[in-house]
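Novice: Listed here are the chains, written in short residue letters.
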Amino acid sequence: MQRFSFFQLALNALDRHRSWPAFWRAAAPRESYDTVIVGAGGHGLATAYYLAKNHGITDVAVLEKGWLGGGNTGRNTTIIRSNYLWDESAHLYEHALKLWEGLSTELNLNVMLSQRGVLNLAHNLHDVREGVRRVQANRLNGIDAEWLSPEQVKEFCPIIDIDARRRHPVLGATLQRRGGVARHDAVAWGYARAADARGVDIVQNCEVTGIDVENGRITGLQTTRGAIRARRVGLVAAGHSSVLAGMAGFRLPVQSHPLQALVSEPIKPILDCVVMSNAVHVYVSQSDKGELVMGAGIDAFNSYAQRGSFHVIEHQMGALLELFPIFSRLRMMRTWGGIVDVCPDASPIIGRTPVDGLFINCGWGTGGFKATPGSGWVFAHTIATGEPHPLNAPFRLDRFTSGALIDEHGAAAVAH
Amino acid sequence: MLLIPCPWCGRREETEFANGGEAHIARPADPAALSQEEWAAYVFLRDNPKGWMRERWFHAHGCRRWFNLVRHTVTHEIAAAYPPGAPPPPLPGEAA
Amino acid sequence: MTGYRLPAGGAVDRTRPLGFTFDGRDRSGFAGDTLASALIAAGVRVVGRSFKYHRPRGIYSAGPEEPSALVQLGRGPWSEPNVRATQVDLYAGLEASPVNVWPSLRFDAGAINQFLSPLLVAGFYYKTFLGPRGWWRRVYEPAIRRMAGMGKAPDEPDPDLYDHAHVHADLLVVGAGPAGLAAARAAAAAGIRVVLADDGAQAGGDLLTSSATIEGRPGAAWAAETAAALGAMSDVTVLSRTTVLGLYDHGYAVAVERRTDHRPPGACPGHARQRVWHVRAARTIVAAGSHERPLLFAGNDRPGVMLSGAVRTYARRFGVACGRSPVFVTNNDSAYVAAIALADAGVPPVALVDLRPVPPPAASKALADRGVEILAGRVPVAVHGRAGVRGIDVRALDGDRTTGSLRRLECDLVAVSGGWNPAVHLLGQLRAGLTWDEAHATFRPETLPAGLAVAGAAGGTFSLAGCIAAGHAAGEDASAAARGRGGRRPVPATAPEEEAETPLLPFWGLSQGSRGKAFVDLQNDVTAADIALAAREGFHSVEHVKRYTTSGMGTDQGKLGNVTTVALLSRALARPMGETGTTTYRAPYVPVAYGALAGRHVGALFDPERITPIHARHVAAHAVFENVGQWKRPHYFPRNAEDMARAVERECRAVRGAVGMMDASTLGKIEVRGPDAARFLDRFYVNPIASLVVGACRYGVMCREDGMVFDDGVVMRLAPDRFFVTTTTGGAARVLDWFEEWHQTEWPELKVFSTSVTEQWATVAVAGPRSRDVLARLMPEADLSAAAFAFMTFRDVTVAGMPARLARVSFSGELAFEISVEGTLGEAMWDAVAEAGAPFGITPYGTEAMHVLRAEKGFFMVGHETDGTVTPIDLGLERMVAKRKDFLGKRSLSRDDTARSDRKQLVALLPDDPGTLLDEGAQLVDEAVLRTPMPMVGHVTSSYRSAALGRTFALALIRNGRARIGERVYAPLVRPAAGEMMVSAVIAEPVLYDPSGARRDG
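Chains as they are written, first to last, in my numbering: chain R, 1 to 416; chain F, 10001 to 10096; chain B, 20001 to 21002.
Source of the hints: derived by calculation from the structure; they are not laboratory data.
Every residue, glycine too, gets a C-beta built ideally from N, C-alpha and C.
There could be a bad hint or two in this list.
Covered stretches of chain F (in silico footprint by chain R; criterion: 3 or more residues with CB under 8 Å from a CB of chain R, positions within the stretch not fixed) [claimed, not checked]:
{"hint": "1", "region": "10017-10023"}
{"hint": "2", "region": "10049-10059"}
{"hint": "3", "region": "10076-10086"}
Here are some chain F residues pointing at chain B (derived, C-beta under 7 Å) [as the list claims (entries may be wrong)]:
{"hint": "4", "residue": "LEU10002"}
{"hint": "5", "residue": "LEU10003"}
{"hint": "6", "residue": "ARG10012"}
{"hint": "7", "residue": "GLY10062"}
{"hint": "8", "residue": "TRP10066"}
{"hint": "9", "residue": "LEU10091"}
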């Protein structure tokens, strides 16, 4: 792998950048692998990378039905934070955040992590109570978290109106300063490049059409590019988790819904942090290009079309202007949609399946991007050892039978 | 935005409705008799097909009645609408 | 010629000059100009700077595809960034300034990036800024972010109004060019409901600049007459200045109409600035036309390089010459039409450079007759002039290389045409299938979803006659589908024939023999070399290339450059264009103001407040309000200069010591009626309801099927078949929906109706040891003794002369009554109670005091003590949970995790220091010394100062809490002044006040 650096950039400028190698090989699938990962999104690619790096498993293919990073990895609003309420989630997301903090160096590719702080506004007494509860829980879990008064909110983000007479007054906010945003595509590209350099085959335009199971054990996959034998398979295909589980003969407590996001035209810097509001249903940040990036709500119906209903966008605009009336004359430049797989407790499923050798990582709902490195780390461990990592043990599939749910609806009340 | 054919009111905008997920999930007659797995399946497991789906809708801002749709989850095409309790129509392409 | 304004021609009104300013300088144009045409007429060449390299840029197009001429329009609250000058109708006093320049358009500091450009190739930022450690965060990232953006956001709220309209139609026609007009006319003739939307101020599209005739009339006149005739029809809605933004499922379309933007800011008070149309149409015909494609050569972004069609538009429609010595460069016939138009307007082109070896015979003769040199088989290799074209160099073209000698052409305008791209954007949004059209070197629609049709240039038909015929046929099809008839009118005849003579020569730039940057995406400064670099680096999907290079990600969303990007990528990978495909088309077609999308759902109408019938009394009493769901509820009633703590303490003392009154009208109320009502309710509540006798009330709790507490309230049995159910304030709608869902979908055999009656009633709660005395004054004849009127019973009575339902329920532990009257009598009852209670010092109290009083009694509150993870057992309600009946959620209570004995359970907490108030939400730990991480055993759900207890207290959910009564836990608190501190508290039984319940009967 050719190292990226300023020096290399300057050197390559001399021959007008004609000598850069490809980020990854255009691999064709072989007949057999030790381990196959289905889904070349951030989570799948990170899984492959950590399989190779942490566990020395390099006989690995990552299969992608379209282009790598083309699912929810490239469609989200790029918010990164770890301020989850319950211990199980907090530990998992905090592990991810710690990995984020070294990721550009680790991957030798700038993922443009911007730890500009994530504000979560409280608009009523219930919000205040839940905000304090979360801040306290985060701090005791060793996660940076602060409770801000309305005046402190104003100081941190001057364009927020804290007038107490507003319909939804700002009564305070939680702040995670280490939270922020990152360049989503770069994360997929960085993991793909680094995994490829360690020998992982990344096979694009290769859709899984069947899962071969013999005597309760995985033996391989049928794909649009031929059959592939595998000893172990990890399914990490957000938006299609249920479809793949169905191929393997089991069901998931997961429903697929459209989730939309949108950007404004680029404007000069005006919003220097991530602002989220559960009560008003807004989450917004400004990209390094100057676009305001925001998510809209989730459509209530099941859908595998990467598009949602327009009224969801319109409602989102009313909410945005309630928080930021000065944005009214700015213009929405593009909308898009992804498919989110939602679990009943708004927490993911990471672990074994009823099929031996087949593992699943799904159900991240609206918030999987921030977990990318951590998710790959623990899923690689689970696949490599056959046992969950302590961080993902609570996120087992059978929690829905025992009732030991990890209810993060509070943390995910706004899609993000 | 979908245009939903309410069996009682005719075609109305999606904003008048609430979605109720997969249709034809009967509540077990005797929950106490179920195993933990069976009960969990009833409470949490729902089909999530990529294709035709029978699903429940509630005309919340209209006649306030529940009904079922046969809708395609990729094209969003709607093939049938029928009241709760009516026998489920075959899915398009399925033998009656 | 004055400046660049032609002596004659164009649709501008030369009798109405309009003054405006650009970049601080006074300028003048005419009514009918756009800002772009007026700037060109005034000789302004550089109007802005590009995003990355800050290269000077001029006006490139005449429409919504404009990548370069973005301006900041207006000032103060009306200021608007990134407006395309090509789509701004000029008005007197218009103020515009360039964007992305500092300190000025001419001397722009960011232009230093041009010298760094060898480093700033596609994706350079992914490869660098990696060290030293910490520099990314402190140095590089802030610097990059400072460079971000084009225009500036206003810093004041928007003074304008926006609204929404909804229309249903048999047919929506997008675009009122020749195809769209023909389609709408054919369809409307059959009497179907038609909506015709066009983004221009006048209908006609390309006809506005054409010299063709239709039905013997000049094109523009035919368009105006046809649109007027359509507009006069009762079933036709003609929307001008209306851009269709998106097409959605089931015939849904969204369009924005610009209603006042062509007038000065503030000139139309009370009128919506923009209106978003929501169209539901059985069928849609997209006749959105096409966009001309630039040619790829070094320096193709210099001010003075423009699209040839735009040059023709400015000449014919606005009477403006885009230059005095133009050169046309083309690979297809269309530039000949533009060149002839310019020659006929008195600005003979210096030359027409045709990349094709053999130019079209008739067109080139026509041009040669006008003295214009045709240079066939040549291609530009360089453009001279940084801030404005001064000349170009051309050489002979051989495939994608050049040969022969260099020839310099002196010129101040390079009008280019690289072919035409059908405007397939809306079709693409609905996943229409596109195919590569080799003849036109572009994508055109091939397969369309049901209900969608395309006509004219958007469908790849470029001749006028062809467009008219296609539109007419599509209109007839639509009317036939709607009415079963069509074909009543002949296809309008056009003249002259304009079929292309010579095929287009696809051209995607030179592979060598040219120096300098050839731009694919002008706004984002993406060059042909960037696309090649991306392909070399393994980005083979067009989506990857877009994201890596940012091509097509500007405010124009790549209307000019996207097809070129596909072509360059395909060439680099040696694969067919169709295999590469396009990126996904997404709404909106052009950017749209947030305010327009929000419409009237802003301010007071964003989330309307709900107020009780007694609200005015609370306002008069200077209550401080709290939002509870949508409701405004009095939080407390401060007197004089009381703070909240003092007010709440006073209110609590009044209730415990004498009597208080509160407005309980917001509680949800549902009447459940029918012979099966009792059986029905029994299936919801964890406790038995069927056994309730008429005239009695019972407190009940409901769970979801997962066993978690969902809502609670009091159930009254009004008659054997009639119940009155109260819910939490926020839960009213949820509970009614819950009842309906189960009844209709699961238990339709039960004969029962559920009706929301929340708004029908106003409820005044009277609580405290003197409450009976207050009631006695209001209903002197009644026997209100505990024996005659028992706790948890109710009766329909007359209170202060008003029919009322009087219930003996208590949420404070005190003797208490709830008086419910018809909503309109709420204020009167409130007043009557206040007056009757005056001798006893009756005190209005708010929700905070209510919370203190209920918490002292250990009563949980949905939303405080529950969060969707708490079962009735966790709340200590085992005795309430029915053993002999089933209810929703019961089975879940015996799951492995929910049946654990050490779950978090509701207890009270008494801080060791009786003056220290725990934070609501504070986490609890078992160790006195703070460390991180440290295990948490629970959290504080409610916390108050209690006048009755003379100390602070709290309710908490603590793991295995009921077995830990008397043990000590610790709460880390953060105090602004003192920093982090640990507060110790002892776990106690949840009922702290009057545990025996002696006070409830007074």
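Novice: Please go over all the hints and tell whether each is borne out by the structure.
Specialist: Here's how the hints hold up against the structure:
1. Counting residues of the region 10017-10023 of chain F whose C-beta lies closer than 8 Å to any C-beta of chain R gives 3; at least three are required, and the coverage claim holds.
2. Coverage of the region 10049-10059 of chain F by chain R holds. Counting CB-CB distances below 8 Å, 4 residues qualify, and the rule asks for three or more.
3. Here the region 10076-10086 of chain F counts 1 residues with a CB under 8 Å from a CB of chain R, which misses the bar of 3, and the coverage is violated.
4. Against a cut-off of 7 Å between C-beta atoms, the interface hint on LEU10002 of chain F holds, since the closest Cβ of chain B lies about 6 Å away.
5. Taken as an interface hint, LEU10003 of chain F checks out: its beta carbon lies about 4 Å from the nearest beta carbon of chain B, inside 7 Å.
6. Interface restraint check for ARG10012 of chain F: the shortest CB-CB distance to chain B comes to about 10 Å, outside 7 Å, so the restraint is violated.
7. At a threshold of 7 Å, the smallest CB-CB gap from GLY10062 of chain F to chain B is about 13 Å, leaving the interface hint violated.
8. Interface restraint check: TRP10066 of chain F against chain B, minimum CB-CB distance 4 Å, threshold 7 Å, status holds.
9. The beta carbon of LEU10091 of chain F comes no nearer than 19 Å to any beta carbon in chain B, farther than 7 Å, and the hint placing it at the interface is violated.
Hint check: violations occur at hints 3, 6, 7 and 9; the rest are consistent with the structure.
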